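Trainee: Please put together the full structure from these sequences, using the hints given.
Numbering (the working numbering), first residue to last: 70 to 210.
Since the hints were derived computationally from the structure, they do not count as laboratory data. Be a bit skeptical, because a hint or two may be false.
Claimed, not checked - Ranges between beta-carbon positions, derived for each pair:
| hint | residue 1 | residue 2 | range |
| --- | --- | --- | --- |
| 1 | Arg140 | Met200 | 44 to 54 Å |
| 2 | Leu167 | Asn131 | 18 to 28 Å |
| 3 | Phe198 | Gln148 | 41 to 51 Å |
| 4 | Leu159 | Asp118 | 18 to 28 Å |
| 5 | Val192 | Leu159 | 36 to 46 Å |
| 6 | Asp118 | Ala189 | 29 to 39 Å |
| 7 | Trp175 | His116 | 36 to 46 Å |
| 8 | Gly197 | Asn131 | 42 to 52 Å |
| 9 | Met132 | Phe102 | 18 to 28 Å |
Nothing here was measured: the structure is a model prediction, and the numbers come from that model. Where a beta carbon is used, it is the ideal one built from N, C-alpha and C, also for glycine.
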Amino acid sequence: MTAELKSRSMRTWRKFHRYSFGYFKIISLFTAFTMVVLALTGILLTHQDELPFVQNTRIPSNMLPGKYQARLDETRERQQLTDILPRETLVPLKWLVLDLHTGDFWGAWGRWYYDLIAVAFTVLASTGFYMFFKIRKNYRF
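Mentor: Take a look at the structure:
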């Protein structure tokens with residue numbers, strides 16, 4: 070391969086890396102926000118045993134989508150607690166953290182969006198690795 074052809078090949082990889090999922094500012098902002106949510110909820114899920122507030126904190130269900138109250142009622146019915154305990158209106162923080170981490174909070178579209186983000190970061194990481202090792206192979210330190 071000639072030097073010009075190698076240079077053109079690297080320019081193509083750089084363009085692909087730069088323009089895939091990172092060129093448009095609004096998409097980049099949504100992606101960055103999603104990654105921050107994933108990172109923070111991942112930390113909370115990983116250390117939920119060491120952080121008692123994750124286990125003990127409850128959030129009012131009127132601040133969340135209606136599916137959370139339905140989930141609470143369903144859990145009470147399965148455990149046969151409907152006659153014993155009053156109707157619960159507080160959702161465990163653990164449920165919210167898990168749903169935010171998996172994308173279930175946003176419904177089916179949220180899961181698809183999270184899958185798209187995962188594909189985007191896989192493409193960006195693989196092209197970044199390729200360019201790093203390709204450049205490093207060409208230059209000696």
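Trainee: It remains to establish, for every hint, whether it holds in the given structure.
Mentor: Verification of the supplied hints:
1. Arg140 x Met200: 44 to 54 Å: Given about 45 Å between the Cβ atoms, the range holds.
2. Leu167 x Asn131: 18 to 28 Å: For Asn131 against Leu167, whose Cβ atoms are near 20 Å apart, the range 18 to 28 Å holds.
3. Phe198 x Gln148: 41 to 51 Å: 49 Å, holds
4. Leu159 x Asp118: 18 to 28 Å: The hint (18 to 28 Å, Cβ to Cβ) holds, given that Leu159 and Asp118 are roughly 21 Å apart.
5. Val192 x Leu159: 36 to 46 Å: 41 Å, holds
6. Asp118 x Ala189: 29 to 39 Å: Holds, at about 32 Å.
7. Trp175 x His116: 36 to 46 Å: 24 Å, violated
8. Gly197 x Asn131: 42 to 52 Å: Distance hint for Gly197, Asn131 holds at roughly 44 Å.
9. Met132 x Phe102: 18 to 28 Å: Once the Cβ atoms are compared, 20 Å apart, the range 18 to 28 Å for Phe102 and Met132 holds.
Going through the hint list in order, the structure does not satisfy hint 7, though it satisfies all others.
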